[in-house]
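Heads up: the sequence shown at position 295 corresponds to 294 in numbering that gives the first Met the number 0, and the numbers run straight through without jumps.
Derived by calculation from the structure, the hints in this document are not laboratory data.
Fair warning: there could be bad hints in the mix.
Straight-line C-alpha distance at most 27 Å; calculated BS3-like pairs for lysine-lysine [unchecked claim]:
#, residue 1, residue 2
1, Lys297, Lys247
2, Lys137, Lys153
3, Lys122, Lys111
4, Lys286, Lys122
5, Lys286, Lys243
6, Lys305, Lys110
7, Lys153, Lys139
A quick note: this is a predicted structure, and the numbers were derived from the prediction, not measured.
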Amino acid sequence: MIHPLYHDYFFTNLDIEHFQTHLSPYKCNILLYHTSTWIYSTNISIFNYCMNTLVLLFFTCLISCSYAFFDIKSLYEKYKFYDENSNFMQKTYVWLQPIARLVAVATEEIKKGDLVLSVPASKVVTTFDDFEWSEHFKNKSPEFIGCAILIHYKTSLNASEPKDYINQFPSDIDAPGTWYDAEGKEWLMKYSEYPHKLRTNYTGFDEFSNIVVAIPGVRELAWEERSYSWALTVLSSYGMPITKKEWKTLKGLTPSAGDEKIQGIALIPFLEIYNNYVKPDNFHPEKYPLEFTNGAVKLYSQRDYKTGEEVYIPYDKKGSHDLLCDRGFTIEMNSHDLFEVKERPSSLCTMTERGCIFYLPTTEVNQKYLEFNKDKANPELAYRQGVRREIKNLKHSIRSQRRRLRILEDRFLKLTFQLGITEKWAAYKALALADRQLLLKELKSLTLIN
């Protein structure tokens with residue numbers, strides 16, 4: 000039931016005829032019902048009334064505009080997928096946020112540790128499952144198998160549950176590390192604090208291509224670099240680690256000795272809407288609250304949520320420099336950022352071709368680096384000096400962040416990605432948040448001279 004305050008406005012101003020031209024009555028009813036539910040559940044005040052009216056005006060204009068804004072059909076097909084399987088969601092429901100973002104919203108108060116998602120084992124796609132190309136990818140890495148699964152179902156003409164789920168991922172996802180624009184790679188290398196982290200080629204593509212070329216009926220995919228790039232990016236963005244022991248538990252099978260050491264990747268429907276990059280990262284020292292049980296994968300809340308609040312559980316534990324490489328953006332207040340401190344060779348640190356490196360997080364002390372400095376008069380001070388030395392080395396790069404983000408915005412968002420206006424808005428916001436945080440850090444580091 001639509002709230003009386005909005006009934007006349009909603010049905011007078013919304014271009015229903017135009018809307019139904021592009022959407023089925025079922026999809027239209029979904030939008031009307033959930034928009035009205037959201038309005039009805041909002042505490043009505045003069046301020047809320049004005050704000051909600053503005054939202055409706057914007058939403059109406061968005062619906063009535065042309066397809067140049069975004070693929071309406073695709074968006075609502077995705078919504079329908081989530082709506083039809085909404086029984087997986089516990090104390091939450093899928094909702095459309097401006098702009099063109101499907102998220103999970105709390106339908107009631109949620110406490111830390113409450114179950115928010117339960118996905119049946121039959122809906123989960125893993126690299127341990129058999130699929131049409133399995134025979135060709137025996138004894139290959141989880142990444143290879145995962146890419147093969149994604150490409151197979153994405154290109155298959157046969158209807159299936161895995162295909163319905165995998166089609167939720169946009170076809171134009173592409174990792175910055177595999178962008179075609181050679182000039183773009185040059186800018187990324189120049190303006191990344193840790194250039195060696197950036198990919199400059201399609202890792203493993205030649206080997207993958209040699210396998211696919213032997214599969215009857217799909218040989219042409221062997222030369223599809225973009226498909227491989229897309230699959231790698233989806234896998235790194237949405238794939239969750241799973242052991243063979245966890246997979247057998249999920250399927251109701253008896254684990255064998257050593258299964259816990261065999262690693263795989265799981266793609267879990269609905270998990271993608273509980274994680275959104277435009278939200279600031281939050282540090283959670285406890286284990287990620289995902290559990291593989293007999294017959295279902297279960298996700299639990301990491302904190303309390305109020306009714307109507309977006310429920311998000313960040314599972315991407317990557318520093319901003321890795322995010323720049325993988326996705327082309329950074330997020331402010333990223334607790335997973337690391338300083339790489341180079342020291343003399345030691346068994347306590349990571350040995351690489353670049354020397355001995357300690358990875359220092361911003362949220363806790365690296366005990367190994369502290370032990371490395373134990374022969375110093377003041378180990379804590381030596382630890383701090385190592386961090387300060389690294390920051391000093393990064394000053395020029397940090398000062399260049401604003402220019403780097405501007406380049407990403409202008410060159411890649413407009414040219415490489417060819418985003419629609421709504422997608423650009425979301426991307427610009429993510430870049431603006433990072434830009435603002437970097438400027439604040441820079442201002443705090445300035446010393447005023449009288």
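message: Just to be careful, I want the Cα atoms of Lys286 and Lys243 compared with a cutoff of 27 Å; is the pair within it?
response: The given pair, whose Cα atoms are some 19 Å apart, holds under the 27 Å limit.
query: Keeping to a limit of 27 Å between CA atoms, is the pair of Lys297 and Lys247 held or broken?
result: Holds: Lys297 and Lys247 sit about 15 Å apart, inside 27 Å.
query: Is it true that the CA of Lys305 sits at most 27 Å from the CA of Lys110?
result: 9 Å, holds
- request: Would you check the hint for Lys153 and Lys139, treating anything up to 27 Å between C-alpha atoms as holding?
  value: 20 Å, holds
message: With the threshold set at 27 Å, check whether the alpha-carbon distance from Lys122 to Lys111 stays at or below it.
response: Given pair Lys122, Lys111 holds - Cα atoms ~26 Å apart, limit 27 Å.
- request: Assess, step by step, whether the Cα of Lys286 is no farther than 27 Å from the Cα of Lys122, and give holds or violated.
  value: 24 Å, holds
query: Is it true that the CA of Lys137 sits at most 27 Å from the CA of Lys153?
result: 21 Å, holds
Hint compliance for this structure: no hint is broken.
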